[in-house]
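Chemist: Chains as they are written, first to last, in this note's numbering: chain A, 1 to 137; chain B, 1001 to 1427.
Source of the hints: derived by calculation from the structure; they are not laboratory data.
Treat the hints with caution; some may be incorrect.
What the hints assert, rightly or not - Which residues of chain A face chain B? A partial, calculated answer using Cβ under 7 Å: (1) Val17; (2) Val32; (3) Ala34; (4) Lys42; (5) Gly63; (6) Cys64; (7) Pro131; (8) Ala133.
Note that the Cβ used here is the ideal one computed from N, Cα and C, for glycine as well.
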Amino acid sequence: MSYSDKVIDHYNNPRNVGSMDKSSADVGTGLVGAPECGDVMKLQIKVNRDTNVIEEAKFKTFGCGSAIASSSLATEWVKGKTVEQALAIKNMDIVKELSLPPVKIHCSVLAEDAIRAAIGDWKKKQEAAKPVAVEAR
Amino acid sequence: MSTDVKIPQSLPVTQHAVPQGVKLPIYMDNHATTPMDPRVLEEMLPYFMEKFGNAASRNHSFGWAGEEGVETARERIAKLIGATTKEIIFTSGATESDNLAIKGVAEMYREKGNHIITAVTEHKAVLDTCKRLEKYGYRVTYLPVQKDGLVDLEELKRAMDDKTILVTIMAANNEIGVVQPVAEIGKMCRERGIIFHTDATQAVGKIPIDVNKQFIDLMSISGHKMYGPKGVGALYVRRKNPRVQISAIIDGGGHERGMRSGTLNVPGIVGLGKACAIASEEMAHEASQLASLRDRLRDRIMSRLDETYINGTMGSRLPGNLNISFAYVEGESLLMGINDIAVSSGSACTSATLEPSYVLKALGTGDDLAHSSIRFGIGRFNTAAEVDYVADRVIETVERLRELSPLYEMAKEGINLKDVKWAGEAH
């Protein structure tokens, strides 16, 4: 197995490892992948409800070095971006940054999925919190 | 975008200093291949430039010197396994020996029957050969194994019918080191007049093999698994009680009693012979040393880490083999963390086909645990200091990766991972 220096760096010094409170209204949690596939990523974001800026991001990953690096990079990239900007992150950006070989491209796809899942979860929470309009009689 | 991936130069951060006498990187993957024993190399050297004759050159001293080297090797191999010299055929390795044995019997005994029995945990050299024979109209039964990795003898008995011409079951498995009940299988075959082949690549030189006591008719042997050279192996072919015949798969001159044509790899054969001679002398002592080192590795790791599972029974196993799954940690990421140590993993990410180990799957190990497995192969040149260092590095890396693992977190929270609806599709 040969890896790029950046993958090794993320592996040895992963950024933003940890967990946030799932139940918090400002936290979106994305859990993607499956143990049978050998890849599970949990990515969480904390969003400022006024500015929609992702202020904090954390990850945990069960997977190979490339999977760990992809999700670590994902948390680095989403921090400081608005939710809409984060949705623009594409897996091929991750592939390029980490020099992932073809056989590891699926790790970057999963990381992109994780970002979307976290944002999706956060958005759902914002929808649920909106006051329900009462029909005027 | 460049798709070139650079080889890592930086080693992972480790808390453990390298102990005295331990040289990095450590090789602990002796089921994949073994370093050559210096005594083997010494034995081989004259046959490259001085005694370089073709062993089939009957008419001059160059040929005779080569022939002598070959015949000495033949004796040494025969002695190790309880055979006679006329029953040893030289090949390019165990893969070829497996092909020769299985295809050779299939062709020779076609009139008698077309049914072959093997097991799901066999090496690809056996499985792929059987698959090819299925294309030619042979029927193959792939016996399952039990959770401990052993073939069920009752199942084997039930699978045998009057068209069965061959049973091929390995003596010891390359991934989990499990040793099959060879003598019982052999006896069952002998009683029914069915030829019994065993791929003994991992077993010869490591555990006692006797082709008569174990009722073996054909047996594959490999040089590079027993501190000998790569590119050479042998096939034992029984001549008496009963006489077994095989069709050749390589034609051209009729060498090796017509069973395997081609100029003999004299230096390789000499090396294989010397490796067998060393094994004859040292195997008993070495086996107990290796078992003790292996148990030391196992105990050190398992006393410090929870949720670790040994794959395959310890009760009938190669002395140097350990195959452990570390729950919640993926195999390739574990290997990356111990990249100063050479071992291998059953994880899909480490295989060419991106499939997790089919051997572990056959044991009923879940895919997630198959992805989390590491195979250690302790060999002649490993030391206790190396074992301790390896154990400590594995422990340290597993602990670190569990901190990174969402599965470990969920398990600690009391969530049963089998109840979770995972977002990922199966690949």
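Chemist: Hint by hint, which ones does this structure get wrong, listed from lowest number up?
Modeler: The structure conflicts with hints 7 and 8, although it agrees with all the remaining ones.
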